[in-house]
Structures are given as structure tokens and as C-alpha cells.
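Asker: Residue numbers (my numbering), protein chains in the order written: chain S, 4 to 96; chain F, 162 to 461.
Hints listed in this document are in silico derivations from the structure and should not be mistaken for laboratory results.
Label-pair distances were calculated between CB atoms; the ranges are:
#, chain 1, residue 1, chain 2, residue 2, range
1, F, 343, S, 41, 43 to 49 Å
2, F, 227, S, 81, 51 to 57 Å
3, F, 385, S, 56, 47 to 53 Å
As a list, the in silico EDC-like pairs of lysine to aspartate or glutamate whose alpha-carbon atoms are at most 16 Å apart:
#, chain 1, residue 1, chain 2, residue 2
4, F, 422, F, 319
5, F, 422, S, 20
6, F, 359, F, 341
7, F, 422, S, 31
8, F, 385, F, 445
9, F, 422, F, 406
10, S, 65, S, 76
11, F, 422, S, 33
12, S, 65, S, 78
C-beta: ideal position from N, C-alpha, C; glycine also.
In case you want the letters, here they are:
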Amino acid sequence: MPLSPNSEIVRRSHPFEAAIGDTQVLLDVEQGFYFGLNAVASRIWQRLEHPVRVRDLCLLLKAEYDGEEARIDAEVFAFLAQLEAQNLIDVSG
Amino acid sequence: MTDRLLCGWRVRSAVALPELLEWQGDDRPPDLTVRLGAVDDSLPGGRTISPWLQIDGTGTGLLEVPMVGRFLVQRSGDITIAPQPEAREAEIRLFLLGSVLGLVCHQRGLLPLHASSVVIEDGAVAFCGHSGMGKSTLALRFAQRGHAVVSDDVCVLDTGSPAPVRPSFPRLKLWRDALEDAALPTEGLERNRRGQDKFHFIEPQAGVRGPIPLRALFMLRRAKHGEQEGIERLSAPLDILAALETGTFRMQIGRALGAEKALFQAHALIAGTVPVYTLRRLPDAPPGRWLDAIAATVRG
Chain S
4 MPLSPNSEIV
14 RRSHPFEAAI
24 GDTQVLLDVE
34 QGFYFGLNAV
44 ASRIWQRLEH
54 PVRVRDLCLL
64 LKAEYDGEEA
74 RIDAEVFAFL
84 AQLEAQNLID
94 VSG
Chain F
162 MTDRLLCGWR
172 VRSAVALPEL
182 LEWQGDDRPP
192 DLTVRLGAVD
202 DSLPGGRTIS
212 PWLQIDGTGT
222 GLLEVPMVGR
232 FLVQRSGDIT
242 IAPQPEAREA
252 EIRLFLLGSV
262 LGLVCHQRGL
272 LPLHASSVVI
282 EDGAVAFCGH
292 SGMGKSTLAL
302 RFAQRGHAVV
312 SDDVCVLDTG
322 SPAPVRPSFP
332 RLKLWRDALE
342 DAALPTEGLE
352 RNRRGQDKFH
362 FIEPQAGVRG
372 PIPLRALFML
382 RRAKHGEQEG
392 IERLSAPLDI
402 LAALETGTFR
412 MQIGRALGAE
422 KALFQAHALI
432 AGTVPVYTLR
442 RLPDAPPGRW
452 LDAIAATVRG
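Next comes chain F alone, as it looks inside the complex:
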């Protein structure tokens, strides 16, 4: 099977990963190797970080996802997956390219933001927010206007200066209504989880291969009753840091792996160099409504 590209890494995987671009780089050995094999249900010396995750003293993580499988993730980049018999491939990929990717970032001192991102004006613009806030839907709408998709769900940043984004892959996870609103059929698309009305949409536009600068960050918020919709730039450093901490993918895993200082420095670097905005929208705001305003804000 052809090696793939993920966040600048060469990935050799026993599980097909059609959402990733093909590796076209040098003939280096793989940075990440994904195998199928037996994985014990407990990690010797492991501490429980969350109901699904244990981490041991060497930084190895064991992720156990009910009805999907176990993922043993070593700092070396060796990943072993023991799937449950009923697991679908799409579900295994979902956790491999989500939770496991976040864990690998924390192991390597990178900053994973819980964000979808697209290219605007030669830089990555990230939409950060909790699940259900419309990150992927915004990315889809920009993709339909010809913007390349940089990441979905986990947007990976280097912690050096200036912090570039390492593009992940051009796959978006979208609910049926988001696809239908965008006049896209769900036929032929893989389901995210069994019985879930959410689908994997691979953006036909070419993804992005090399690192690109982070141009702007939008924290997606829901306008509460009586609040105005709108885009507002955060200016107080502590507000920006708090927003970035909230926007970091599984911050507690980074802490457990001793990456706290790298994360703090990365947050501070972004706070000092990249504009961070809140985008407050009403729950029923049409997804296309803020695209022009976002693009205009990024262009300045």
C-alpha cells in the first residue's frame, strides 16, 4: 500500500487511509507506522487520564474505544490497533485520525487545536470550537468557494516561531443537514459511526502538502439570548490565552505528558502574533452568512 502524508509525516498503515494525500516526499523511513495486532487491555504502570485513555511513564498511550477497538500509541511512532470484530473501517480511521492524532501531537510537543481550517490569502484560517459549533460546515462552505481544506477537527501547529500549521487532510465530517444545505448528496459517502447521520466528505479540491502560516483564528461561539451576532477581535492577552487553552485538543493529555510548557509557549506565541477573533452566531444562522465577513476580516 502507498505511504501517506499526515502533518508532514510519512505514514505507513495497514489500515487504508483514503482521506490522506499520498506521500511524495523523500525515501525516509516512515515517521508513523500503523499495524493491526493484539493489544492488552491494560497498560503496565499506566495512569488513567480519561475513561478511555491510559498513559505510562514513557509516554506510551493506550486508547480503548468501546465497540471500535484498542489503540496502542508509542512515542516512537509505532501504532498498533486491535479492532473489535464489529468495528467499521471508517470508525477506526475516525479515532486514528482524531484522538490518536491528538495524542501523537502531545507526545511530540506539537500544538493540536480543536479546529477545522482552510486556506485564505495564502495562510491557514482556523475555526475552533466545541463539537457541534459548525467548524466543518464552515470549512465546507469555504471549500465550495475554492479554498483548500487544511484540517478537520484537529489542526496541528508547530510550536517553534513562527508557528506554522502542518496540514492534516481534506476530509470533513458533516451531518446530513449540513450536506443537504450545501446541495451535496449523501449517497456514496461513508458514515462516521454506525447509525449516525454524519458522513465523511472528502474534499475534491487538492489538499495542502507543506506547512503554511496560521493567518487567523476564529473561536466559534453561540450567541446567547439577547446577544448580538458578530466578529470581535480578542485583545486582552489573558482572554486570548484562555480561549487558546479551551481550543486545544485534549489539553489534559498534554499536561499528563509533561508538554505543558511547550503548550504555554505555543499559546503565547500565537497570542502575540496571530489575530484571534470570536465569531458569535445565532444557533439558526445560515451557514453561508458569515463567509464574506470572515474573508474580509482575514484580509484586514
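Same shape as in the complex, but just chain S:
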């Protein structure tokens, strides 16, 4: 499903997770790959524990981090697209 500001996102259950320094690492057992999340990505990942609309997620990040709004939007979309491609999230709406 294409991502839009109205899409609702929730992360899939992911039992294999560990923190290594500032990086949150996920292991996808079925596909056999690791996924490393930096500090901002880890914050997004935490927030995706419960369903959230993309628009609200962007607003939240704009409140927490300095940066150009358009750039934050673009980076959030790019990151979510990556998570979706790796089957780490469910997208609806």
C-alpha cells in the first residue's frame, strides 16, 4: 500500500532486538538479515509500537528535533518506505 500522510503505521512484532551503543539492532530471523537503527530511527521505531498516522508521526518529530520541516517529512517517508520494504511494519488507510 502506498504511503501517504493519512496512512496508519504499526510495527510488526519483532522479538529479536538489542541495543549496541547508540544503535538499535533488529534481526529478521526468517529473512536472515540485520537492520540497524540510529538514534532518530530508534525513536521512530519506539513510536511505532502503537498505530500512528504518518502525519502525526512527522508532527511529533518536528516537535522533538530541529530541522527543516520538508526535510523531516522526506526522511520519515524514506525511512518508513524502507521499513515497509523489509516487512517490518504494517501500513493501512
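Got chain S sorted already, so can you dock chain F onto it with the hints?
Answerer: Using the frame of chain S, we list chain F on its own:
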């Protein structure tokens, strides 16, 4: 026969295991019991994990090594060996203290690294790499400088925090040229396999009994054409995890036994707490060349 010590376990074995230290602990029942007996050639309900290994739903493993014998390894710690008539004792011990030890670790949720290790600065320093990369030769060179040998081939770690090494035994498997380079005679040493120019050298220095912290890990690599030799610390978490996965002894057995989560947590714990380096060497680098640099790196 006297009970022996292996990775903190009390071992009672019908096969003499001279490379293991003697058990000097309490009077607990044996953790591992090795018997000789009949073993069927197939495991009921067993899945084939590799050409030599089947594992059933209870986690029992059947290892069949051509010309050596069958090893039935139960989670309880009962190990039954049916040797082939032509098998030498050294060969049986080789697989018992190699493949079978790795299987026992996976059954018990421990992390076996494919590494030789020695004591440097009160901790274990492990040399991890594929066969032929010089793990045992490096350990020998450190042993000759007075460092105790913690493991050869399989270095066993607890998966709790902080992950300590459970010392295995001070035996090193060495090719004739590695022994000769180190000015050690091969006379009187047992051969690893029939017709193979590799020998079992038992380090005369006392081995290590109790658990010790893992101080550093060196991934042994061969410098490819045009690459510089040297020691480099891995810093990206995903690179460290990938190296640890490659360095885990028979990772696919751990997966088959459902130990994947414990292995991942153990890898992550090491990645977060223990420095991991690559040591890149030219194929013809003299074995003694990197000892000082390794020791200096460990001391920091």
C-alpha cells in the same frame, strides 16, 4: 577413570581424555557422561541439518563421521559413541571435543565461537577464523611466551551478562610446519587424523579452570592482493554482528535447535561490550610477527 573438566562441566568418560584438566570441583553428578555403545544409523524423527548431522524434536543430535563413528548426543548430557573399528582414539576425541562440544553448547544455549584463545591481561583473547587461518598457531606462539591456553577451535561463552569464557582445554591442533617453525619436535605427538600431517600438542603450561572475561576478539583475515596488513577495530554494530555470526561455530545447528534468540543476544552483548578487531595478514606472514601488536592492542 578420573573425571575431567570441560567448560565448567564435570565429565565422566569411557574414552580417555588426556587433554582435559582433572575435575577438582565438588562431588556433583557428572554433567556430561560419555559411553561406548551401539548407536542406530538413523534418528527417529530426525531432520538432516548437514551431511553428517541429524537432530530430532527433543534436540537430540546424531553425528555420523565416516571412518570414525557415530555420536548420539542427548540434551541430558548423555553421549554415546559407536566407534568404527578402524577409528583411532585421537580421531574420536577430535570429534568429541570439536563437533560434539559445539552441539552440546547449542543444546544448552551457550555461544561456541570458532576460535582459539589465550589469557592476556587476566582475560581471554580469542582468535576467530576459518580453518587454516592460523588460530592455533597464534595460540601456540602466545603459549610459548607463557600465556595459558583457554581453548582451541571451540571457545565457549556464557550468554549471560557479562559473557564469560568457559575454558575448554590446553590442547592445540597444529600442522607440522607450525610446530617446526616454533622449534617443537613432532616426535611423540598424536596425529590428528590418519595420514594427516597435523598433530595434537598439549600445552605444558597449566590450563585455566574457572570462567574468565572475554577481553578482545580478533577476526583473522587474509590480506588480499594489494591490501595492507594490520589490526583494525570494527566499529559499526552491523559489521560486528556479521563478523560474530561468521565466527560462531556451526551457527546452523544453533538455529535448528531454536537457540537463535540466545545467540543473537549473546552476539549483541559482545558487540556492545568487547572490542572486536580484524587482523589482516599476508598468507606468508611469519607467525610471530603480530604478537606484540596484538598484546599492545589488548592492553590499550
